[in-house]
Amino acid sequence: MSANGTITQALREAAAQMLSDKKVGVVIGYGRDEGQEFSTPVFLRKAEEVERLVFDDLCFGNLAVYLSRPAIRKMGKTGIVVKGCDLRAVNVLLRENVIKREDVLLIGVHCGGLGEPRLPKCLVCEVHSPTGCDVVVGEAIEQPEVKAEQRYTKADEIEAKPVEQRWEFWQKQLSKCIRCYACRQVCPLCYCKRCIIEKNTPQWVETSPHVRGNLAWHVARALHLTGRCVGCGECERVCPMDIPLGAINQKMAKVVDERFGFRSGFSAEDEAPFTTFSTEDSEEGIL
Amino acid sequence: MGEQKLYQASANWLKSAVDALCAAGVEVLAPTQTDSGKVDLARVTSSEQVIGSYANTAFPLKRLFLPMSEVLLKYEKGENGDVDLEPESAEAKELVILGCRPCDVAALGMLDKVFQWDYSDVAYQQKRDRTTVVSLACTEPSPECFCTSVGGSPQGSEQSDVLVFGNADNTALMQVNTAKGEKFIERLADAVTPAPEGTKLPEPAELERKFNPQKVKGWLDDNFESDFWVENSLGCLGCGTCSYLCPTCHCFDIVDEASWNRGQRRRNWDCCSFSQFTLHASGHNPRPNQAARYRQRLMHKFKYFPERFGLLACVGCGRCLKNCAVGQNLIADLADIESR
Amino acid sequence: MSKEQQNKSEKSQWQPRIVAFLCNWCSYAGADLAGMSRRGYPAAIKVIRVPCSGKVDPMFVLKSFERGADMVLVSGCHPGDCHYASGNYHARRKLLAFRELLDFLGIDQRRFKISWVSAAEGAKWSSLVKEITAEAQALGPFETFATMLQGEPS
Amino acid sequence: MTEKTIKLTIDNQEVQTEAGQTILDVAKSLSIEIPTLCYHPAVPSAGACRICVVEITAGARGGLVPACSYPAQDGLEIQTDSERVRQSRKMTLQLLLARSPGAKIIREMAEQYGCEELPLERKDDDCIMCGLCVRVCQQIIGTAAVCFAGRGPDREVSTPYKLLSDVCIGCGACAFVCPTGAIDPAEFCSNPLEKIANEFNCGIDNRTPVHIPFPQAVPNKPVLDRDNCIHFRTGGCGVCKETCPAGAIDYEMEDQVVEEDVGAIIVATGYKLFDTKVFEEYGYGKYPDVVSSLEFERMVSASGPTDGQLYRPSDGKEPKTIVFLQCIGSRREKGGVPYCSKICCMYTAKHTILYKHKVHDGQAFVFYMDIRSAGKNYEEFVRRVLTEKMATYLRGRVSKVFPRNGKLVVRGADTLSGGQVEISADMVVLAPAMQPSPGVQELAQKLRVGYDQHGFLLEAHPKLRPVETNTAGIFLAGACHSPQDIPDCVAQASAAASKALGLVSHKQLTREPTIGVVNELSCNGCFECENVCAYKAIEHKELRDRAGNLTAILAHINEGLCQGCGACAVTCRSKSIEVQGYRDDQMFAEINAIGR
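Protein chains in written order, with my numbering: chain A, 101 to 387; chain B, 6 to 345; chain C, 193 to 346; chain D, 291 to 886.
Misleading hints may appear alongside valid ones.
Here are the simulated DSS-like cross-link-like pairs (lysine-lysine), alpha carbons at most 25 Å apart as the crow flies [stated by the list, open to error]:
no.: 1; chain 1: A; residue 1: Lys174; chain 2: D; residue 2: Lys831
no.: 2; chain 1: D; residue 1: Lys789; chain 2: D; residue 2: Lys736
no.: 3; chain 1: B; residue 1: Lys43; chain 2: A; residue 2: Lys272
no.: 4; chain 1: D; residue 1: Lys567; chain 2: D; residue 2: Lys624
The hints are simulated quantities; they were obtained by calculation from the structure and are not laboratory data.
Using the sequences and the accompanying hints, generate a full structural model.
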């Protein structure tokens with residue numbers, strides 16, 4: 101049996117066990133829908149349904165997005181299949197009191213990377229093996245060293261352009277945005293009951309999908325995710341207009357990494373960079 | 006097809022069309038390759054830019070008539086306190102769309118119903134009036150396509166001024182449906198000749214029917230309250246991708262964007278999947294959860310719209326299932342409904 | 193008059209619009225002191241008082257650009273002197289990161305200034321405003337933002 | 291009448307007293323003076339020196355007895371100054387004089403009793419072998435570091451084997467009690483105490499570890515300097531406690547951090563003087579006769595270290611020529627401070643008068659920039675100094691002070707005559723700039739009040755709120771705010787006190803309503819606001835449904851604690867916190883007005 105096949109089997113067993121033991125009200129995992137280019141989320145309520153569960157090379161999604169969804173929370177304790185990268189999002193949710201640890205049952209999967217060719221995020225993944233899960237399935241995977249300069253290559257690439265070209269680039273990219281908000285909806289950390297975009301007294305961000313409004317929206321999104329974004333790349337994957345949103349988030353991740361030595365989601369106990377400060381922070385550029 | 010006329014076009018018809026139209030100062034939109042590798046309608050000035058083989062464009066035609074964001078009027082408060090109102094004047098320039106697909110064109114019929122129902126929407130109608138739609142019959146439907154399930158056809162000519170049946174050797178058979186279509190043919194000049202009497206249209210591409218909308222509606226009529234809505238919407242994230250890429254979805258929001266003394270009123274797309282779409286000022290939300298919003302979307306397309314206008318609000322283009330972030334599958338959902 | 197000269201004179205006619213968010217306790221008081229000390233500074237600056245530089249949301253800055261500001265300044269107490277103990281430290285983190293974001297998106301960083309001006313620094317305020325006004329004048333209108341709507345899709 | 295009451299007669303005065311007292315004690319109570327050397331009230335008497343002898347004429351076996359140790363008895367008749375007594379004392383003193391001719395007290399006593407020098411071998415040893423030091427060390431301190439050693443002519447007070455003592459705790463009690471000043475623990479102690487400079491007198495003299503900090507101290511009571519007190523350093527000594535008649539010394543008392551809830555704070559941290567050492571050309575710290583104005587002030591003070599005698603620190607001679615230099619650091623952008631220290635002109639004028647008062651034939655010079663004498667009667671005061679020629683005022687700066695032939699040469703410019711002047715002076719007095727006390731910035735940061743680049747605290751408004759700060763309830767008085775003289779300080783202190791009373795005399799406190807408010811409809815309960823709140827004003831509010839089940843925990847802002855800084859509002863991503871008065875719609879309205 102392939103590695104993924106073994107994981108699938110183990111996941112089904114674990115899910116069946118916890119569902120029949122009534123330890124959880126629902127297990128969120130991946131399922132296969134032929135005709136889809138990725139494995140889609142499935143929500144299992146009964147042990148008999150576990151055959152729907154799979155783990156394969158196409159489990160791109162970050163299921164942690166569902167942890168804050170009221171419809172899911174109503175079902176009781178949630179079992180959720182998490183890759184190492186997804187776990188980083190869970191850590192942020194824990195840190196921000198969105199979920200309580202006792203309300204989730206984490207089913208960790210050792211994951212060496214997804215997609216063919218591998219997704220860019222998988223190439224620099226530093227959490228092949230999830231830690232702190234309740235159940236872990238699969239064989240532990242050797243964690244290759246990731247150098248600091250590998251982490252933000254996408255942002256680096258854009259940064260290398262002169263400022264005028266960056267403006268042109270983003271003007272072109274952001275003019276495509278149709279404000280479907282898929283980037284927001286798929287983000288596990290965009291859990292606000294009321295998004296800033298929906299605050300209209302006053303209107304923080306223009307809702308019209310013109311460049312000015314789009315720029316404001318993506319700036320707001322980037323700022324709200326600064327020091328929080330775990331780089332799962334879902335926003336970019338789901339963007340129907342193929343805007344390289346991940347690069348913006350990556351830029352901000354780079355900023356907090358370089359300025360404050362902070363990387364999000366590696367622990368639920370971290371202090372987020374924008375909720376704390378150091379008197380030693382850089383003063384450069386202040387008049 | 007009584008009034009329809011058939012023409013034969015030579016292999017260089019596309020080049021002639023683009024050249025002739027551009028020379029006449031007509032704006033031409035045709036499928037082109039986007040920088041991210043997709044195919045989408047864009048302004049062209051040369052037939053070189055036009056992409057030949059594609060299942061469908063990334064975006065439906067809708068945004069040409071109901072733009073994502075459209076200025077309806079502008080206003081400015083003068084020194085003396087008077088307010089100057091200036092309705093936005095629509096582009097009157099003639100526009101020809103070359104090579105859109107029959108499903109997207111058919112959707113215009115639904116939009117027409119909405120925007121000309123009790124009041125003729127000027128902004129919409131002006132755009133409709135200036136546009137000639139030259140559609141291209143489908144020969145290779147994509148796996149997501151299901152126009153036949155909703156009463157369409159890979160070579161449906163509904164709302165299309167000219168329907169083109171392309172051949173492998175780039176020659177084409179053109180079916181002209183309207184006066185605007187006639188004008189287009191005239192512009193092609195030598196590149197077209199009337200088809201010989203008795204020329205037959207090619208057989209439409211085969212596309213399996215995946216559900217029966219009548220049966221679906223039957224179930225919808227009786228099952229406003231059903232676990233189906235909750236169970237099938239668990240994965241839905243509530244984004245607007247399906248609606249915004251849908252050729253028939255037409256909900257909009259009107260906003261004023263004003264600074265100190267001047268501003269503009271805009272019509273922007275909106276979407277019933279958004280949690281705030283029906284949020285009342287009181288704080289009450291009649292569609293309080295994603296299940297209710299998902300139900301609304303299906304009900305609107307397959308029950309309410311047909312009840313009001315006698316048309317399904319779905320043309321089977323398959324964009325919603327192709328682009329859904331979580332793989333929500335409308336065909337599967339409707340097939341499920343039918344099986345209930 | 194040559195075209196160049198004309199442009200030049202038009203440019204010197206043109207007054208930049210600089211939005212300044214000043215914390216109530218230091219920079220606003222510093223600007224006040226400049227006035228009381230009869231130290232002049234260019235009227236191009238439009239002051240918006242905030243309780244603390246830590247109250248300046250980066251979106252305020254962006255909004256100012258949207259509304260036609262050619263330059264935005266956020267000014268607070270010197271580090272360690274915040275009336276609210278740490279507001280300026282928070283501001284420093286957020287605003288400098290925000291400035292990097294603007295730069296990344298292709299927006300000229302020179303359009304967004306951050307400064308520390310204490311309540312005793314009327315002279316610094318006056319010279320700072322003169323300096324940045326001259327810079328804004330040299331940079332010219334912030335057309336990047338002013339013309340952004342032209343790229344609107346149809 | 292109890293048995294213990296006894297009656298005796300001293301110098302024909304009848305006296306009733308209790309048993310257990312010595313003749314010396316009784317005589318003291320009658321204010322009859324009996325000279326002593328080896329006696330110290332804190333140390334048990336030994337009758338060693340025989341200076342205190344008195345004559346018993348009746349009531350016991352007659353004869354000479356030492357008053358310090360002979361018990362008072364019923365019926366005694368005593369003469370303290372009879373011929374016999376005087377003869378005895380004279381003889382004793384003649385012998386002591388031969389041994390210790392250098393001891394001041396012996397010389398004085400010997401003179402009093404008309405002693406001539408005897409043709410004896412002079413010992414030239416100040417120690418009179420009274421053993422008071424030995425007794426205090428053994429019986430009071432309990433250390434026994436020194437003792438008599440040797441026999442006969444070799445007898446002396448010494449440490450064992452005359453080695454440096456590591457037993458000696460360096461308390462100095464021996465030296466303190468020694469009548470002749472013959473003993474110095476520094477000579478035999480392996481760890482002697484350093485002299486403690488008297489801070490109030492600018493270190494001109496020394497003080498003991500127990501001291502009254504300054505003459506007008508409130509309360510005017512001695513304090514124990516723990517860092518220097520031998521008891522706290524070694525656990526020994528304790529003499530002060532033994533000898534304090536009021537029993538006021540308590541070594542167990544600890545410094546306490548006192549926490550008080552107060553309604554108002556008045557900051558009156560005063561000033562320090564500019565460190566004039568940075569101006570090497572004036573030679574302060576290098577030449578002992580260059581002193582600061584504050585040192586001069588102490589020197590000429592009647593209650594100062596020299597009892598008002600003015601003499602040069604270097605050689606103790608009276609300075610006949612003195613030069614005062616003003617604006618040392620003041621009004622000096624480079625190396626100094628740009629502001630005027632305000633008080634120097636006036637006190638320098640006063641110093642010239644004081645100088646003239648002390649040294650009638652002395653000559654004073656003042657180098658000044660301008661004379662700033664704004665204030666009631668101030669100009670008149672300076673005018674008097676000038677017209678009465680108390681000092682010669684020279685308008686100009688001094689470029690250098692350097693020694694020459696035992697004098698200090700002051701070289702400077704006289705800008706009025708346009709020439710260079712050189713004054714050969716005995717003493718130079720510098721008037722340093724006034725600066726805020728050290729640590730005032732840290733204090734200001736704690737109190738969250740502003741300060742300027744010099745460290746002077748900022749008032750809320752220079753004209754309208756001069757004694758208030760921007761932080762409610764904190765007021766300023768005195769030189770922490772700016773250089774001020776005494777009347778200004780008093781006026782400001784009175785104003786600050788009135789403001790503080792005005793604040794605390796109300797039952798309810800009125801405060802600014804500009805505080806944060808949470809919108810509970812959109813609050814996510816992420817509590818990132820809590821992390822940025824410097825005032826711990828964010829509370830956790832539990833929301834419950836009608837059945838009492840917990841439905842959510844949301845942020846709530848404590849109205850009393852919130853100061854309205856708005857850090858939470860910016861941190862809140864869902865924009866669920868707004869600061870009243872600075873609401874987002876208000877902010878945006880202001881921003882919108884730019885496009886006007």
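Now the hints, each set against the structure:
Taking the CA atoms of Lys174 of chain A and Lys831 of chain D, the gap is about 22 Å. The hint holds against a cut of 25 Å. Taken as a hint, the Lys789 of chain D and Lys736 of chain D pair is honoured in the structure, with Cα atoms around 21 Å apart against an allowance of 25 Å. In summary, the hint linking Lys43 of chain B to Lys272 of chain A is supported, as the alpha carbons are separated by about 16 Å, within the 25 Å threshold. For the hint linking Lys567 of chain D to Lys624 of chain D, the alpha-carbon distance of about 15 Å falls within 25 Å, and the restraint holds.
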